[in-house]
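Asker: Line by line, the protein sequences give chains A and B.
Take the first sequence: its position 51, counted from the start at 1, is 461 in the working numbering, and no numbers get skipped.
Take the second sequence: its position 68, counted from the start at 1, is 101 in the working numbering, and no numbers get skipped.
None of these hints come from the bench; they were simulated from the model.
Treat the hints with care, since some could be wrong.
[Stated by the list, open to error] Covered stretches of chain B (chain A as the covering partner; in silico rule of three or more C-beta atoms under 8 angstroms from a C-beta of chain A): (1) 80-91; (2) 125-139; (3) 151-164.
Every residue, glycine too, gets a C-beta built ideally from N, C-alpha and C.
So the chains spell out like this:
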Amino acid sequence: MKKIDFVHAKILRKDSYSELQPMDLAFVEGAITSDTQEVKLKKIREKSKKLVAIGACAVIGSPSNQRNFFNPKQHEQIQSILEKFKYKDKVLKLSDIVVVDENVPGCPMDEVGFLNILNKYINSQLVYPEP
Amino acid sequence: MHDVPDNFDINLTEISKIEGSASLEVKIRNKKIEDLKFSISEWKRFYTQAIQGKPAVAVPQLVARICGTCSNAHLLCSIKTVEKALGIIPSSQTMLLRRLIYNGLIIRDHALHLYIFALPDLYNKNSILDFDENDPLQKQLLEDTFEIKEVGNRLSKIVGGRSVHAPYPTIGGFLAYPHIQELKNLRDTLIAVRPKIFRLIEIFAKSSFSLSLPNIIFNGLSSQDYSFLTGQLVSSQGNILPEERMSEHVEAVVIPYSHARGFTYKGSTMMVGALARINLYKKSLHAKTKADTKMYLDLFPSYNLFHNNLAQALEILHVIDTSSEIIDGISTITSEEKIPVHPKQSVGVGVIEAPRGTLYHKYEIDDNGIVQKGEIIVPTGQNQVLMEKSIHILLESLLKKDTPKEQIILEVEKLIRAFDPCMSCASHFLKVKWS
Chain A
411 MKKIDFVHAK ILRKDSYSEL QPMDLAFVEG AITSDTQEVK LKKIREKSKK LVAIGACAVI
471 GSPSNQRNFF NPKQHEQIQS ILEKFKYKDK VLKLSDIVVV DENVPGCPMD EVGFLNILNK
531 YINSQLVYPE P
Chain B
34 MHDVPDNFDI NLTEISKIEG SASLEVKIRN KKIEDLKFSI SEWKRFYTQA IQGKPAVAVP
94 QLVARICGTC SNAHLLCSIK TVEKALGIIP SSQTMLLRRL IYNGLIIRDH ALHLYIFALP
154 DLYNKNSILD FDENDPLQKQ LLEDTFEIKE VGNRLSKIVG GRSVHAPYPT IGGFLAYPHI
214 QELKNLRDTL IAVRPKIFRL IEIFAKSSFS LSLPNIIFNG LSSQDYSFLT GQLVSSQGNI
274 LPEERMSEHV EAVVIPYSHA RGFTYKGSTM MVGALARINL YKKSLHAKTK ADTKMYLDLF
334 PSYNLFHNNL AQALEILHVI DTSSEIIDGI STITSEEKIP VHPKQSVGVG VIEAPRGTLY
394 HKYEIDDNGI VQKGEIIVPT GQNQVLMEKS IHILLESLLK KDTPKEQIIL EVEKLIRAFD
454 PCMSCASHFL KVKWS
């Protein structure tokens with residue numbers, strides 16, 4: 411019996427939807443470095459019953475947030491790029507922006523932890539979080 | 034008759050089935066391309082700045098994080114760079130074990146691209162998820178997908194401790210050693226999957242996808258044993274260079290709308306990757322690979338960009354054949370004494386062939402072993418100019434044939450995927466000052 415329906419998976423296929431669709435589980439990788447990413451993350455949160463942060467960057471922000479710790483000299487080297495492409499002042503982890511239900515830490519992520527979360531939710535009736 | 038408008042725009046913000054994010058903007062007016070921008074939209078994480086001030090010995094595990102797919106390529110390239118700077122010469126056992134880790138990466142990474150990203154196009158499917166389990170060949174290919182990726186993963190895991198961000202390899206050698214019996218056990222599996230790779234080679238050789246650009250310059254790091262990890266830089270123009278001098282010949286090009294910088298070779302459009310390697314030095318492939326794939330190797334040198342996929346499939350067979358030979362030749366694995374690291378003011382350059390092409394790391398290290406400055410040149414950056422140019426040429430020919438917009442988008446995406454670009458790698462650094 412088919413248990414998993416991949417709603418969005420850009421790495422596997424071209425999306426047939428123009429808008430994000432409702433999802434039981436959303437897995438989000440990476441840290442948030444721009445406003446556009448923040449908007450997208452909030453949309454994903456809105457559409458998903460449970461949101462899972464995957465890997466160190468999503469869970470704790472590192473190492474993608476290394477620019478947060480740059481000294482003035484390093485910062486000067488990247489300043490013009492940050493401005494031109496409208497980066498956020500600081501790189502944020504997912505839980506700085508939205509409610510995160512589960513974390514799979516590690517770089518690379520802990521595979522067993524990932525499977526445990528998948529198994530935990532695969533047979534449960536999920537509901538959207540309270541607004 | 035197709036009803037194709039004279040004016041339309043294409044805005045692909047998230048191209049699917051590639052590593053990371055890329056976008057394409059096209060403006061067609063009076064059936065002519067008025068504007069075309071292929072850009073890498075992955076956000077930068079500034080690795081080349083981040084390594085400034087860090088101990089050189091800590092850099093390999095950090096820069097491995099540039100990419101989750103080819104992490105072990107960055108890891109081994111970085112280790113090589115630090116070793117070159119500090120004058121450390123790894124043992125022959127270390128070099129063999131590194132090759133095995135690396136061969137595992139080539140198998141897994143090429144397999145990911147060929148089976149999961151490229152194969153659906155050949156079967157007119159959106160995704161490998163849509164393959165028909167009732168069709169014997171498609172079912173077989175689904176099984177092959179997971180089996181081949183798993184063989185690559187296992188090889189890297191046994192020797193490197195993990196298939197991504199391998200913890201065992203370090204500057205001067207290994208922190209832990211594989212169990213020889215585990216390696217010996219894998220040898221038969223490697224031999225057993227060869228028929229699956231022939232199936233893959235045949236499928237990509239028979240594909241009718243074609244776009245030939247005659248004036249590309251191919252570049253790669255060539256060694257007599259096609260090792261990916263050692264050698265000298267060769268180009269299709271016949272130039273041979275020591276790896277230390279790579280940055281003299283590839284020139285950075287500013288692409289204002291892209292998060293990554295492009296490159297040219299002495300001002301000409303260049304290409305790196307599997308197609309370049311097979312074109313330049315197919316003679317160095319493993320003897321068994323060459324003997325069993327002669328009719329396919331005769332297609333090279335090829336200027337058909339889609340043959341990059343066929344070249345990748347041929348390389349999987351080559352690394353399977355070299356790995357089983359290496360494993361046969363290993364009788365013991367000894368726990369070697371650690372080579373001491375003595376910091377000194379130095380400059381190191383390390384070049385390897387990453388799965389997608391030539392990868393260059395350069396670090397300037399001070400007396401205390403701290404990195405003062407770094408530079409990294411990745412394959413996808415080197416291919417970016419050619420990618421945009423080839424999209425332009427493909428579009429022009431499609432427009433002449435009154436191709437509908439949806440079909441144009443599909444054809445362009447197929448071409449972009451043929452390069453197997455990796456945006457995560459390409460966008461990590463940009464040293465150009467914007468005005």
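Asker: Take the hints in turn and mark each one as holding or not.
Answerer: Checked hints:
no.: 1; hint: 80-91; verdict: holds (count 5)
no.: 2; hint: 125-139; verdict: violated (count 0)
no.: 3; hint: 151-164; verdict: holds (count 6)
Checked against the numbered hints above, the structure breaks only hint 2 and satisfies the rest.
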